[in-house]
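J.: Here is what each chain is made of, one letter per residue.
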Amino acid sequence: MNRQAQAVVMLLFGGAIVRASVTDMYLRYVKESLRPFLIAAGLVLIAAAVMTLVHEVLRPRARAGGDDAEPADHGHDHGDGKPHREPWVAWLLILPVLGLLLVAPPALGSYAAGQAGTALSSQQASDYPPLPPGDPAKISVLDYASRAVFDKGVSLGDRTVQLTGFIAQGPNGEPILARIILSCCAADGRPIKLGMSGNAPAGLASDTWVEVVGKYTDRTVTDPVNEETIPYIEVETWTQIDPPKQQYE
Amino acid sequence: MGSVEILAVLLVLLVLFRGPVADAISDPRLQTWTTVFVSVMVQAVPFLVFGVVLSAIIAVYVPRSFWARALPRHPALAVPVASCAGVVLPGCECGAVPIAGSLIRRGVTPAAALAFLLAAPAINPIVLAATAVAFPNNPEMVVARGVASLVVAMIMGWLWLRLGKAEWIRLPHRPDLDGMPKGRAFWASVRHDVVHAGGFLVLGAMAAATINVVVPERWLQTLADNPVLSVIALAVLAVLLSICSEADAFVAASLSQFSLTSRLVFLVVGPMVDLKLISMQAGVFGRRFAFRFAPATFAICVLAGVAVGAVIL
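The listed protein sequences derive, respectively, from chains A and B. First residue of the first sequence: 1, per this note's numbering; consecutive thereafter. First residue of the second sequence: 1, per this note's numbering; consecutive thereafter.
None of these hints come from the bench; they were simulated from the model. The beta-carbon is built from N, C-alpha and C at its ideal position, and this holds for glycine as well. Some hints could be false.
[What the hints assert, rightly or not] Simulated restraints, written as ranges between beta carbons of each label pair:
| hint | chain 1 | residue 1 | chain 2 | residue 2 | range |
| --- | --- | --- | --- | --- | --- |
| 1 | A | GLY203 | B | GLY2 | 54 to 60 angstroms |
| 2 | B | VAL143 | A | ALA205 | 43 to 49 angstroms |
| 3 | A | ASN199 | B | LEU229 | 42 to 48 angstroms |
[To be verified] Per the computed footprint, the stretches of chain B lying under chain A, defined by three or more beta-carbons under 8 angstroms from a beta-carbon of chain A, are:
| hint | region |
| --- | --- |
| 4 | 15 to 22 |
| 5 | 199 to 212 |
[Unchecked claim] If you want the footprint, here are the derived chain A segments under chain B, 3+ residues with CB under 8 angstroms:
| hint | region |
| --- | --- |
| 6 | 24 to 33 |
| 7 | 37 to 45 |
| 8 | 98 to 106 |
Start from the sequences, fold in the hints, and give me the full structure.
T.: This is how it looks when you write it as C-alpha cells:
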C-alpha cells in the first residue's frame, strides 16, 4: 500500500473514530470516560492523513525530478528510517473502519450473556449502604444481585425496587433479566444475571429491554457455565422499554 | 493499478454490498465477534495514537547522540541504565526495534541497546497507565509488570554480554529521518507507526475477538484452573496474538478466568516476544540474531513473570 492510500485509510479510520465518539455509538464498545481521548486520537489520525497527503502532493514539485526515484509502493524503505517488509498490514486498517462505518455492531446482548457465567463474584463489596430513596427505588441489576447474594437481601428488606435490563435465556431456557458490566471495553464485558419469579415477563424475544419492579426473594439458581449463584427477584410489574443510551453497567 | 485505486474500488464495492454484508453478520456469534473486535480497536486507539505521537517526537526532536552520551561507558553498567531509559520512551514495540538498531549504529553497546529494546515497550508510562486503567481493582499489577519486565530486560542484556556474538547482528543499510525537515519527519514517523502498529493491532484484535467468541468459557476454565497450564497457555497466547503493548493490558483484563500470575506472564511476554516482533527483529538485526534472541527472551519472560507474580500478586 503506498503512502496516499495509507493516508486515505488513516483519514477514514480517524473519521470513523470521531464520528463514533461525537454520537453515542462509542458507548456500545467502551466506557464513557474514554470519549475526549477518542476524539483527540481521531483528530490526530486525520491530521496525520492530511499532512501525509500534503507532503506527498508537494514533494515532486519541491524536488524537480532528480532524486525522487524512491519507489513509494515498495515496503523496503520508506525513507523514514524504519525498514519494513510487510506494508500489507496497512490494508487491515480498513476492517475497523468497515466495522464502525458500515456494520456498527450492537452492544453485547443475550448471546454474550449466555456464553459467559454470571460475574457476580468479582464484584463483592464489603458493606451495603441503605437503598436510595424512592418507591420503587431505582438500582442497578449488579447492585440488586450483590445485595441479594452477598448481603442475603438484608439491605433490600421489604422495599420495592426497579431494575433495567434485557431478556436473555436462563439455565433452563426460561427468560432471565441480564445486564453486561464493563471494566474497559466490550472485550471484557461480563453478564450479571437475575432470575424472575412472580409476574415475570413472558412472550418477549431475547434482547428486549424491560423495566422490572419487584421485591427481594431468597430463591436462587446455579449458573451452569461457572457454578455461580444467580439470585431471583419477585416481579410485581414490568414494562417493555427502548434500549437505554448506556447499555452497560 | 495503484493502491489508491484498489482501495477506492474496494470501498465502493463494500458500500454497494452493504446490505448483504450486514445480513451475513446477523448471526449472533459473528455479531458478538464484530462487537468485540471493534471494541478492542476503539479502546486501543487513543493509546496507540498517543504512543505513536510521543515516539515520533522523540525520534525527531531528541538527538540520538543524547542516548549514547547518557549511557555509562562500561557495558555491564550500561545495561541497567538503558533498561531504565525505556521508561522515558513511550511507544510500542514496533517503534523500539528500529530505535535499538540506530542506537547500535551510534556506537551503543548491543547489550544496552537490546535491554532498551525489551524495556521500552514494556515499562513506559503509557503502557503502565493503560495497565492501571485495565486493572482498576489490582493496582499491584502495574508494579509487578514494571518489575518483571525490567528484570527480563536486564537479564537479557547481561546474557548478551556473556553469550552474544557480534556477528549474529547484521544491520541493513538504511537512510533515516535525519535528512528530512523536522515537521515532515514527524508526520512521516506518525504515519508509518500508525499504519504498521495499527495493522498488527487489527490482527491482534481479530484474534482476541475470535478467542472471545469461539473458545467456550468452560474449556478456558479447565486451562485456567491448572496453575502450570494457565501460565503456559497465556505465554503462548501472548506470542500468537502479537498485540501492541499499549493495548495488551485490556485483553489480559478480559481473560478474567485466568490467575493474575498467568496474566502477568501474558503482559511480560507480549511486548518482548511475539510474531510481529520476531519478524521485525529478523528484518532489522538479521535472522541468526532473531532465532536465538526470541526463544531465550521467551523463557526468561516466563520465569521472571512467575517469580515476580509469586512475590507481588
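J.: Taking 42 to 48 angstroms as the hint, is the beta-carbon distance of ASN199 of chain A and LEU229 of chain B inside that range?
T.: holds (47 angstroms)
J.: Holds or violated: the 43 to 49 angstroms window for the beta-carbon distance between VAL143 of chain B and ALA205 of chain A?
T.: holds (47 angstroms)
J.: At a Cβ distance under 8 angstroms, does chain B reach at least three residues of the region 24 to 33 of chain A?
T.: holds (count 4)
J.: Please verify the coverage claim for the region 98 to 106 of chain A: does it have three or more residues whose C-beta sits within 8 angstroms of some C-beta in chain B?
T.: holds (count 7)
J.: Report holds or violated for chain B covering the region 37 to 45 of chain A, Cβ cut-off 8 angstroms, minimum 3 residues.
T.: Per the Cβ count (7), the hint holds.
J.: Tell me whether the statement that chain A covers the region 15 to 22 of chain B is true, taking a Cβ distance below 8 angstroms and needing three residues at minimum.
T.: holds (count 4)
J.: Can the region 199 to 212 of chain B be counted as covered by chain A under the rule of three residues or more with Cβ-Cβ separation shorter than 8 angstroms?
T.: holds (count 9)
J.: Holds or violated: 54 to 60 angstroms for the Cβ distance of GLY203 of chain A and GLY2 of chain B?
T.: Holds, since GLY203 of chain A and GLY2 of chain B (Cβ atoms, about 57 angstroms apart) stay within the stated range.
No hint from the list above goes unmet by this structure.
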